[in-house]
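The task is simple: from the sequences and hints, build the whole structure.
Protein chains in written order, with UniProt numbering: chain A, 1 to 140; chain B, 1 to 140.
Hints are computed from structural coordinates only; laboratory data are not their basis.
Possibly wrong hints are sitting among the right ones.
Same chains, same names: a pair is fine if it fits in one copy or spans any two.
In silico DSS-like links for lysine-lysine, alpha-carbon gap of 25 Å or less [claimed, not checked]:
| id | residue 1 | residue 2 |
| --- | --- | --- |
| 1 | K114 | K129 |
| 2 | K110 | K15 |
| 3 | K14 | K114 |
| 4 | K18 | K114 |
| 5 | K81 | K63 |
| 6 | K15 | K114 |
All values reported here derive from a predicted model rather than from experimental measurement.
2 protein chains.
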Amino acid sequence: METVTENQEVTMTKKLEKMFGHLDYKNPPELCPVRDVMSVASDQWSILILLWLGYFPVLRFNKLKKYVYGISNKVLSQRLKVLEADGYISRKAYAEVPIRVEYSLTDFGKNYVKRLLSLAEWMQENSPKVLANREKYGLV
Amino acid sequence: METVTENQEVTMTKKLEKMFGHLDYKNPPELCPVRDVMSVASDQWSILILLWLGYFPVLRFNKLKKYVYGISNKVLSQRLKVLEADGYISRKAYAEVPIRVEYSLTDFGKNYVKRLLSLAEWMQENSPKVLANREKYGLV
DNA sequence: CCGGATCCCAGGGGATACTG
DNA sequence: CAGTATCCCCTGGGATCCGG
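So, in structure tokens, the structure goes:
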């Protein structure tokens with residue numbers, strides 16, 4: 001088990017101090033855009049979409065739907081729109097018959113996926129631990 | 001604008017390849033616990049709860065409710081339960097009158113918050129960019 | 001045949017009141 | 001004080017349909 005040292009804890013607190021100027025509860029939500037931005041980028045479907053787009057440079061709508069297992073047309077379409085609006089992905093439509101639409105990460109999106117990836121890796125390594133905990137806790 | 005180099009992109013793909021054995025769409029959901037575990041830990045309320053608990057070593061229910069601005073009793077209570085079950089936080093109840101309950105991060109939770117923090121910092125730095133993008137895109 | 005818009009419903013979540 | 005219980009609403013999301 002990787003433990004957190006005193007030093008790391010101090011560093012962590014400093015970082016948190018720095019950001020909590022923005023996350024401060026005394027600020028009305030409109031002064032705290034981080035929450036808003038983060039809620040889009042940390043949405044469970046968005047994460048999967050972004051990770052798959054990090055793996056395949058270009059994906060079409062129905063391929064994405066296949067990979068992001070269980071997502072519905074509506075949700076996929078809506079998430080893609082928001083992710084495009086926020087600058088993570090770009091959408092390219094070709095006027096063919098039948099129409100072809102290609103989605104890919106922007107440079108900005110790639111930067112984000114790098115971070116996301118670090119989180120996802122940690123999740124992967126630790127999910128057995130979490131599941132064991134959950135079992136032991138007995139929450140159904 | 002921080003750009004992604006070729007090298008970084010190759011590294012990223014390798015990492016993704018490594019994890020996509022688990023995230024593979026051909027696996028039924030029950031063989032892919034990462035998604036499940038991640039959906040808890042990346043929930044927008046859970047993130048805020050964990051970050052605040054990273055800042056204050058110990059917080060009581062009503063303090064948390066104050067800091068995690070806008071959360072309802074029901075959701076806070078439910079998220080705390082799940083986060084405890086998954087091993088991120090611990091709950092300590094004191095048999096006083098009135099009752100006192102203290103929440104804090106476990107070592108496991110601290111490790112996770114470190115990762116979360118890196119993501120949150122990136123969000124903070126880049127949220128202006130995202131908001132500008134959103135505006136330009138004209139999505140209401 | 002592909003991308004996405006529409007319809008419609010269950011249930012997640014907000015507000016409030018209440019109890020150990 | 002720390003939650004739970006109740007009510008009700010509203011939106012997230014699944015199934016279905018449609019335009020190009």
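### Message
Run through the hints listed earlier and report the numbers of any the structure violates, in increasing order.
### Response
Of the numbered hints, all hold.
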